[in-house]
Amino acid sequence: MSTVEPAVATPTLEVRNLQTSFFLRSGLARAVDGVSFTVGRGKVMGLVGESGSGKSITGFSIIGLVDPPGRVHGGEILFNGRDLTKLSETEMRRLRGNRIAMILQDPMMTLNPVLRIDTQMIETVQAHDRVSKSDARSRARDALGMVGIPSPEERLSSYPHQFSGGMRQRVAIAIAMLHRPDLIIADEPTTALDVTIQSQILAEVQKLAREFGTAVIWITHDLSVVAGLADDVAVMYAGRIVESGTVDDVLDRPRHPYTRGLIGSIPSRITQGERRLHQIPGMAPSLLALPKGCAFRARCPRAAAVCETPPEISVPAPGRTLRCFRPYDVELVS
Amino acid sequence: MTSWLLRRLMQALMVVTVVSMIVFAGVNVIGDPVEILISPEATQIEREQIITRLGLDQPIWKQYLAFVGNALQGNLGNSFVYNEPALDLVFSRLPATLELAFCAMLLGSLIGIPLGLFCGLYPDSKLSRLIMAGSILGFSLPTFWVGIIFIIVFSVHFGWLPSGGRGETVEFLGTRWSFLTLDGLQHLILPAINLALFKISMILRLTRAGTRETLSMDFIKFARAKGLKPRRIIGVHLMKSIMIPIVTVVGLEFGSVIAFAVVTESIFAWPGMGKLIIDSIYVLDRPVIVAYLIMIAVLFVVINLLVDVLYATLDPRVRVGGAA
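If you're matching them up, the sequences are chains A and B in order.
Numbering follows UniProt numbering, with no gaps: position 306 of the first sequence is 306.
Numbering follows UniProt numbering, with no gaps: position 195 of the second sequence is 195.
It is worth saying that the hints were derived from the structure and are not from the lab.
Wrong hints could be hidden among the right ones.
[What the hints assert, rightly or not] The list that follows gives simulated cross-link-like pairs (lysine-lysine, DSS-like), each with its CA atoms no further than 30 Å apart:
(1) Lys-86(A) - Lys-229(B)
(2) Lys-133(A) - Lys-240(B)
(3) Lys-240(B) - Lys-126(B)
(4) Lys-229(B) - Lys-126(B)
(5) Lys-229(B) - Lys-133(A)
(6) Lys-229(B) - Lys-240(B)
(7) Lys-133(A) - Lys-207(A)
Throw the hints in and build the complete structure from the sequences for me.
Below you can see the structure in the form of C-alpha cells.
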C-alpha cells in the first residue's frame, strides 16, 4: 500500500521555520526556534534530543496543544497543504484525534483512571463521527484487536488500572488509530516501558504506519529506537534542529559534534568493558540564558571563535541539513 | 463485598464501644450533677435517697456496666432534668438539626463546587481572584459573629427574615419539617447560610485545587488530543476525577455540621440537638450528654461507611473484590 505513492504528492506534514516560545515573567524562552522539516505519507521521522531540547514542544505545537504562557508565534505548519497555525480552535479540535493523533509518554497517566476503556474509546469515535454508540463500540473493539490486545470485547469493559503498562500504551495507540489519522505524533511512547515491550510497540506502530500510510513523528531521546524505526531523523538541540537527514545517513555519517556525542553515548556490545562510555560534558543550557552563537558551543569539543556567531543551516548533501561551522568530515568516520 | 462490610461493621462497633467508655468516664469527671439537681434545703437523707436512685453511689465501672446493659436494650437512661428517656429526647431534636445540616451542605456544594470549578479553570481572571479573596472571609469570620450580623442586618434592620425558631412546620414521614412551608423556609434561610458559609469556602478551595491539579494531568492532555469538546473534558474527565476527594470531605463535613451546629442553633434559637446539648451541659444532665455523644459517634461511623461505599462507585481502583 505504501508503495503506491504519487510522484509529486504534497507531504503529509511540512513544518517551516516554526517558532514557539514561552512568554514568562523572567523572559522569553524560545522553546522551538526556527524548526523546519517534512514528513511524507507513511514515513516515520525521529525527532531526537535531550530533555528540554524542544522536541516535545514541537509535537505539541503541531497538534495545537501548547498551553499559555507558551504560544506558536511564527512559521507555518502545513498539514496536507493547510496551514494549521491559521486555523481556529474549533477547526483544530476537529482535526485532533481525527486526522492528527497523539500518543503520550507515560501510559499509566494517559488514560483517565476513573473511566472505562470503552467510554474513553467511544467518546473519541463520537467526537468526530456521527455514529451510534454500538457502532462506535464495535469500532473500538476492532481497534483494540488491531493493536494486538487479546479478547478485546471483554477488555473494553475494563478500567485502565486493570491493564499492564505495555497494554495501556497499546490502548492509547488503538485510540490514536480509531480515525485512521494521517499523522501520529508519538511523544516518547516507549520510554516508560520495558525493553521487550518497547520493541513490540515499535513493531506495532511501524506496521500500522505502513498499512495505513500514516505519517509518524517519533519523539525520543533514544537514538537506538530511531535507528530501528525511523526513515528520517532530526536532531534537536536548544530549540533548533542541528542535523537532519535519512536515518542511515545521519547515524552512519554524523557530522554535527552533538549528534556524534549522542551516538557515542549509546552503550553497545563493542563499548562494553573495552572503553568507558562516552559522555557529552556539561548540561543542556537554560532556554532563558542561551549562549550567544551556537548553543552547543560550551560543550563542543570542536568549538572555535567562529562559533560565537549563530550558525546558519547548510545543506551539505541532498536531503541532509546541518547547522555547524566546524562539522566533522565525512571521511573521518570509519 | 459482604466480608468487607462485615469487617467494617465490626470496626464500627468497636469505635462506638470505645467512644462510650471515653464519654462515660469524661462526663463523670466534669462535675457532680447532685449539686445542681438537689435543692440546697434538702436533708442529708433526701440527698442519699436521690444519689442511690440515680445510681451515683456505685463505683464508676459498675455504673458503666449497668449503662451498657441498659444501652443494649435501647435504654440510655432518663434525663435528670426532663425525666424522659434521654435517647427519645435526642431523637426528637434530630430532625431539626438534620434539616439544617442538610440545607447547609446542599448550599455548600451547590455554590462551592461551581465556583471552585470556575476558579480552577480561570485562575488568573479578576473574578476568580475576587472569589478566592471572599473565600478567605468565609474561612476566617467566626460563625457566631456572622450569625449575629445576619440577624442585625436581615431581621432587625430590613425586617426581611425572622431571627429565630423553626417557624411553621408540617408533618412528613412521621416528623415535623420546616422546609415544606414558606414560613419554615424563611426561618431556615439565615441559619443555613450561616452554617454553610464555612463549608462553601472549604468546598470551593478543594474544588479549585482539584481542578488545577487535574488539568495538568496527562489524561486531560490526551483527552484534548483526542479532539473531545471542552464540555466533555470538563464535565466527564475532570469532574469525575475531582469528585472523589470532594465526596469524602462533603460526607465527613456533613457529620461535623450535625455535631457542631451548636453555635448556629444557639444564635438562631433553632431547636435542634446542638441547643439541647448546650442546655444539658449547663445542668450536667449526664444521660442526655452521653446519649447525644454516642448518637454523634454512631452518625459519624455511618457517614464514613456511606462515603466508603460511594468512594468505591466513583473510583474503580478502590472497588473491593473487583477483578484485578
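Each hint tested on the structure:
1. Lys-86(A) - Lys-229(B): 20 Å, holds
2. Lys-133(A) - Lys-240(B): With Cα atoms ~21 Å apart, Lys-133(A) and Lys-240(B) stay inside 30 Å; holds.
3. Lys-240(B) - Lys-126(B): Between Lys-240(B) and Lys-126(B) the Cα gap is close to 27 Å, so the pair holds against 30 Å.
4. Lys-229(B) - Lys-126(B): 25 Å, holds
5. Lys-229(B) - Lys-133(A): Distance of about 17 Å is within 30 Å: holds.
6. Lys-229(B) - Lys-240(B): 16 Å, holds
7. Lys-133(A) - Lys-207(A): 29 Å, holds
Of the numbered hints listed earlier, not one is contradicted by the structure.
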